[in-house]
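Residue numbers (this note's numbering), protein chains in the order written: chain B, 146 to 254; chain X, 19 to 132.
No lab work stands behind these hints, which were simulated from the structure alone. Any given hint could be a false lead.
Said to hold, decoys possible - Residues on chain B that point at chain X, a partial pick, calculated with CB under 10 angstroms:
| hint | residue |
| --- | --- |
| 1 | V189 |
| 2 | G197 |
| 3 | L204 |
Stated by the list, open to error - Keeping only pairs whose Cα atoms sit at most 20 angstroms apart, straight-line, the calculated EDC-like set for lysine to aspartate or glutamate is:
| hint | chain 1 | residue 1 | chain 2 | residue 2 |
| --- | --- | --- | --- | --- |
| 4 | B | K246 | X | E42 |
| 5 | B | K241 | X | D74 |
| 6 | X | K29 | B | D226 |
| 7 | B | K246 | X | E81 |
Cβ coordinates follow ideal geometry from the N, Cα and C atoms, glycine included.
The chain contents come next:
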Amino acid sequence: GQQVQQSPASLVLQEGENAELQCNFSTSLNSMQWFYQRPEGSLVSLFYNPSGTKQSGRLTSTTVIKERRSSLHISSSQITDSGTYLCAMGDTNAYKVIFGKGTHLHVLP
Amino acid sequence: NAGVIQTPRHKVTGKGQEATLWCEPISGHSAVFWYRQTIVQGLEFLTYFRNQAPIDDSGMPKERFSAQMPNQSHSTLKIQSTQPQDSAVYLCASSLGLSGNTLYFGEGSRLIVV
């Protein structure tokens, strides 16, 4: 079945450092999304990015479909970036969205 | 726009009792999804409705779990004879329902079965 693998599982940074989060998927996809889950549990959509590169502030998402991977780059990390980053792929029917297990990010002062 | 609303936010129930969770999607969204999140399994797809019709319930445990969407403004997830392993955060999401639309999640309902 469909699989979404995220790496690393956890990451600890000093404030100001950059981070590169990876997402690899096993089958063809129709959509790719990145979410941020706050420590208290709420989920926020960061990017809908099925292909190419998108940037929003200090965040950049790049999806390369033929290589079945997507990445999320966080530049100049801040303490408030701490939380869990989840990638999710939609299958060719698009409606069924499968999540990776996330990267748990801790940014230290 | 209040976003996706889920109630209750927290529920503690005794083993063997029934639990019903409610979701109000964003107005105008035709697709509603239910997910379950645990530390071990992460976010698991449970079921999906489009225009109130059940489309895919392949993630739903075959026994004790059921989901309905009686009208466009709310969906329910019912768990009968709850077991401790049902303890999780149950998340509801909605989208416009078109191919590739982003999901908007509610705050989740944390279910604890004791």
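Consistency of the hints with the structure:
1. V189: holds (8 angstroms)
2. G197: Where the cut-off is 10 angstroms and the nearest Cβ of chain X is about 13 angstroms from G197(B), the hint is violated.
3. L204: Since the shortest Cβ distance to chain X is 15 angstroms, the answer is violated.
4. K246(B) - E42(X): Not OK: K246(B) and E42(X) at ~26 angstroms, beyond 20 angstroms, violated.
5. K241(B) - D74(X): holds (8 angstroms)
6. K29(X) - D226(B): violated (29 angstroms)
7. K246(B) - E81(X): Given that 20 angstroms is the threshold and the Cα spacing comes to 25 angstroms, the pair is violated.
Violated hints, listed in ascending order, are 2, 3, 4, 6 and 7; each of the other numbered hints is respected by the structure.
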